[in-house]
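K.L.:
Line by line, the protein sequences give chains D and H. The opening position of the first sequence corresponds to residue 342 in the working numbering, with each subsequent residue numbered one higher. The opening position of the second sequence corresponds to residue 633 in the working numbering, with each subsequent residue numbered one higher.
One or more hints might be untrue.
[Stated by the list, open to error] Using 25 Å as the maximum straight-line C-alpha spacing, the simulated SDA-like pairs for lysine to any residue come out as follows:
(1) 677(H) / 705(H)
(2) 662(H) / 467(D)
(3) 702(H) / 736(H)
(4) 733(H) / 507(D)
(5) 448(D) / 751(H)
(6) 733(H) / 752(H)
Because the hints were derived from the structure by calculation, they are not lab data.
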Amino acid sequence: MVQLATAAVGATDFLTAQRANQRATNILLAALTALAGGLGYLAGWALEANHAAPSSYSAPRSIWFFSAWGQWLAIAIAVASLGWSWISLRFGARMVLAMTGGNEVTKEQEPQLHNIVDELSIAAGRRPPRVFVVETDALNAFATGTSEQNAAIGVTRGLLKALNREELQGVIGHEMGHVANLDTRYMTIVGVTVGLIALIADMILRGTRWGTGGRRSSDSKGGGAAAILMLILFIIALLAPLAANLVRMAVSRQREYLADATSVRFTRNPAGLISALQKIDSGTNIFPGVSKATEHLFIINPVHKMTETTSALMATHPDTGARIDRLRNLGIR
Amino acid sequence: MGTGGWIILGLIAAIVIWVIMTYNRMIAAKNQADNAWSQIDVQLKRRHDLIPNLVQVVKDAMGYEQETLKAVIEARNKALTAQGPAEISQAENALTLATSKLLALTEAYPDLKANTNISQLQEELTATENKISFARQFYNDSVMGFNNALQMFPNNLIARQFAFTPREHFAVPETEKSVPQVKLR
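Produce the entire structure from the sequences given, and follow the hints as far as they go.
P.N.:
Below is the structure:
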């Protein structure tokens with residue numbers, strides 16, 4: 342009942358929305374840790390089943406046993422998942438800043454940029470983040486930081502030159518939206534879990550491959566059921582990382598739309614962001630030093646152009662045209 | 633004590649917990665609105681400090697526009713003495729109107745446009761105007777959150793007990809909404 346009441350009030354301002362978002366992130370973290378643990382158990386079970394089976398030709402043991410290996414692997418994976426998340430959350434912001442090669446700028450060096458960041462911090466009701474400029478002609482901007490203390494916003498020199506005040510405000514609003522919506526935290530945890538799922542799936546694949554090899558040579562009757570189960574496990578392990586990646590990209594695209602909408606909610610001016618997106622889309626956005634691990638933090642994909650991606654399903658960012666269409670709809674309201 | 637007694641006791645405990653949580657949420661919403669109001673105050677003060685500089689720089693170059701300058705100074709003085717949210721928002725809105733008129737006029741003077749001092753001042757004033765409107769926006773959002781927490785049923789029963797009263801929004805008058813945007817670039 343209390344939760345429902347908070348949710349009703351929560352829609353009204355950003356600080357309350359942020360708290361709701363944080364709760365959702367915690368639930369996601371718990372669910373993903375459980376999933377990783379479950380997969381860990383399966384991996385351990387597969388390894389143990391196959392370790393035991395090929396050696397005993399006579400009596401194929403039942404596949405329904407409590408796997409001690411699985412239990413320990415589940416615990417190990419859950420601990421690794423939490424530890425990895427913690428490290429990423431703690432040091433992620435610093436790593437991103439080091440990778441992009443941005444320099445922190447003072448208010449004296451970039452008065453207008455600092456003013457705009459301060460304006461939008463007030464609109465978001467939070468402390469201003471640190472401000473960085475990357476010396477490149479590429480048109481791009483990024484946000485990072487997993488808490489109010491280590492939040493940072495960066496823009497490229499090319500972007501500062503190409504955009505007017507109104508457009509820059511729209512872009513900074515988008516990045517401030519990422520900060521206020523705690524997207525970095527969210528995407529970090531999602532990224533860690535996707536990585537873990539890939540790791541465990543790989544372990545299962547190795548386990549089942551040994552297993553099917555052993556079974557085929559044994560040619561025992563009881564091994565048939567186990568082999569089918571192994572095959573199912575093999576398929577799950579093959580598909581799980583792909584599915585996890587699809588989910589991650591879908592989340593990333595939704596967060597981009599949300600950051601666009603948040604920007605407009607801050608500035609109450611969709612025109613600035615629309616015109617900025619058009620300019621950004623027609624220029625180069627790619628610059629060195631950005632890896633796939635951080636591409637979702639940018640206003641537009643910094644690794645490859647939208648048109649070059651093979652599938653919209655595997656893209657971190659929605660098509661810019663679609664983003665502009667949604668912003669136009671916000672403007673009409 | 634029978635089962636009925638325990639049920640009544642449990643109900644009373646649940647109600648007490650609910651009252652405490654609702655009360656705390658109202659206090660949190662109230663503090664957020666108070667803090668948002670002080671943010672507006674900070675930005676308004678900043679604008680009051682910037683205006684004499686602007687007037688000083690503009691004065692020499694714009695000999696003909698004494699009326700506009702006078703209007704800005706008067707609006708500033710009125711804003712400095714205003715009391716209470718309603719009066720303050722009215723006075724500050726008048727000041728916004730006067731300064732935006734002055735800024736629009738500076739566009740017509742080539743000397744002023746070339747002056748780096750004035751372009752810096754323009755940037756600062758634009759930023760301050762934006763900060764004021766964003767602070768106001770955040771304040772109004774916070775007031776809405778606070779008022780919702782107070783007036784929604786059954787919270788309103790508790791709000792009455794603890795004498796919470798709804799807060800005023802920082803109003804934007806119709807005249808300001810129709811002001812043309814000052815293009816600075």
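K.L.:
A separate judgement is required for each hint: does it hold in the structure or not?
P.N.:
Hint by hint, here is what the structure shows:
1. 677(H) / 705(H): holds, 14 Å
2. 662(H) / 467(D): holds, 17 Å
3. 702(H) / 736(H): Holds: residue 702(H) and residue 736(H) sit about 16 Å apart, inside 25 Å.
4. 733(H) / 507(D): holds, 19 Å
5. 448(D) / 751(H): Within the cut-off at roughly 16 Å; holds.
6. 733(H) / 752(H): holds, 18 Å
Taken one by one, the earlier hints all hold for this structure without exception.
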